[in-house]
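J.: The lines below spell out each chain.
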Amino acid sequence: MADLLRTGTAPGAIRGRSAVVAVGNTIQGTVPGISADELGVEALRQTLASSGIAKAEIDGLITCKSYGGFGIDTEIGRLAGLNPAYSATLDYGTCNFSLHLAAAVIDAGLASCVAIVYGTTQRSDGNRFTLPLGRQDDAARHGFLNVAGPAGMAFRRHQALYGTTEADLGEIAVSQRRYAQDNPLAIFREPLSIDDYLAAPYLVEPLRRADLCMISDGGACLIVASAEKARELTERPVHVMGIAQQTGLRDRQNADQWMRPWIGQVAERIYPAAGIDREAVDALYIQDPTSVWVMQMLEWYGFVEPGGVGEAFRSGAVGHGGTLPLNTNGGQLSEAYMWGFLHLCELVRQLRGEAGERQIEGLRTAQYSSTFGMMKAASTIFSTEVS
Amino acid sequence: MIDATAEAPFGLTGDDQPFWDGAAQGRLTFQRCDDCGFVRWPAAGVCPECLSRAAIWAQVEGTGVIWSHVVYHRAYAASLKQDVPYAVGLVELACGVRLVSRLVGFPASGPQVGDRVSARYQEVGDHGTVAVFGPVD
Chain A
-12 MADLLRTGTA PGAIRGRSAV VAVGNTIQGT VPGISADELG VEALRQTLAS
38 SGIAKAEIDG LITCKSYGGF GIDTEIGRLA GLNPAYSATL DYGTCNFSLH
88 LAAAVIDAGL ASCVAIVYGT TQRSDGNRFT LPLGRQDDAA RHGFLNVAGP
138 AGMAFRRHQA LYGTTEADLG EIAVSQRRYA QDNPLAIFRE PLSIDDYLAA
188 PYLVEPLRRA DLCMISDGGA CLIVASAEKA RELTERPVHV MGIAQQTGLR
238 DRQNADQWMR PWIGQVAERI YPAAGIDREA VDALYIQDPT SVWVMQMLEW
288 YGFVEPGGVG EAFRSGAVGH GGTLPLNTNG GQLSEAYMWG FLHLCELVRQ
338 LRGEAGERQI EGLRTAQYSS TFGMMKAAST IFSTEVS
Chain B
1333 MIDATAEAPF GLTGDDQPFW DGAAQGRLTF QRCDDCGFVR WPAAGVCPEC
1383 LSRAAIWAQV EGTGVIWSHV VYHRAYAASL KQDVPYAVGL VELACGVRLV
1433 SRLVGFPASG PQVGDRVSAR YQEVGDHGTV AVFGPVD
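Here the protein sequences come in this chain order: A and B. So the first sequence is numbered by the numbering used here: it starts at -12 and just counts up by one. So the second sequence is numbered by the numbering used here: it starts at 1333 and just counts up by one.
Source of the hints: derived by calculation from the structure; they are not laboratory data. The hints are all genuine.
Residues on chain A that point at chain B, a partial pick, calculated with CB under 10 Å: (1) Ala127; (2) Arg128; (3) His129; (4) Gly130; (5) Met140; (6) Ala141; (7) His145; (8) Tyr189; (9) Leu190; (10) Pro193; (11) Asn241; (12) Gln244.
Over the 10 Å line for every Cβ pair with chain A, so calculated as not near, a few chain B residues: (13) Gln1357; (14) Cys1368; (15) Val1378; (16) Cys1382; (17) Tyr1453; (18) Asp1469.
A quick note: this is a predicted structure, and the numbers were derived from the prediction, not measured. Glycine included, every Cβ here is placed at the ideal spot set by N, Cα and C.
Could you build all of it, start to finish, from the sequences and the hints given here?
T.: Structure representation (structure tokens):
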């Protein structure tokens, strides 16, 4: 690993060349009277206001297409009064992918201060998360709707292979709810015990309501800057240490597609890219449209042995009150479904010591891993110090 | 050479109507590449293995193995209200295609991962006759 760092040949080894300098988000839940695009711009306004960064500093804009086709850079730029040197829209920005593009754009010198903007009104617009991601029209005819379909199948197969129980899976939602109880932004804050979890009815057996995310209106924003620019803009940059991605675009033509084995390739790359060992990760963030994706990523990244998820939480190795904090905002299962953007807002606040009641002391390095449904995976490692 | 005067110089972009027409007649059919023999689904005008545009619709053996399965207790569309609870599985067919389909005719203990299944044809929802899968006789 040291050799790779010296020669700079590890893919995604962009250690310290860019940093998150500000994050912000709007209220979540049902937010009437404002469009998806204007929610994104409102998140930008709040981010600039709370960080003291002037709008004129923004020379890059990366937006993320949201439910209903909103969130296009040309429209957001007009609303926000920006003429940035660089702009782009990702159809699947889901936070990590937008962040990686920002880091690459900064690395190429196309911009030095990139605002990543996301806004959605999918709760008010009635998105019931009905259509599965991907091209599965034939499956829809059989009533195979909602991410709970493929996630439920992935969990049931995992049960058959490793003996994992529903009570094991339930530990994920229960842990995240405990964090959410200390998060005023979270939509679900009432206590959830493992007995409550198991007593709830199935939606798509073997999954229950608590295994699925909470759709929300809202906006979120991140400002990412070059190392040089970051020094001008903040005393507490959160450095991007390394990034990694891998796709599985052939979808169901791939074997075991819903186990998402290509996450394992990201896991092989991300630690060499960041130049750290997995054991150095102080806090973990995993995007969670379903609890099953959390279980999968805990295993693929090597934090939990296959089939060991329940014991990892019960023993205190992972989760609320445990050695390795996980999704300390409550995640999308309890806080709000913002395509992963709120995980990164929380990660940055925790590393900067700005997480209020939820603040966990002594954090230096954190990892955020996400996926775009059944299509691709990404991971980023951040640190408060580059050395 | 491409004949620029032809209405469809590259051949038609694949549509999946022959798949549904075949099911209505009790047959399971997919596109098979005329160059490399790869059987593909979903339908497309190009082979994802060798990028050839030459293909025929071929009948395949309707047998496979259950990769996994779920039971829908919630109806995510109004047309499904009369169907819940219903079982759906991912079937890995002998021809290589992985097909999502209803699972029918299993004992009360339900289907299991790894069960061998075979196709049968029945009406599902508003969509006419489709291939569904049940225990091998």
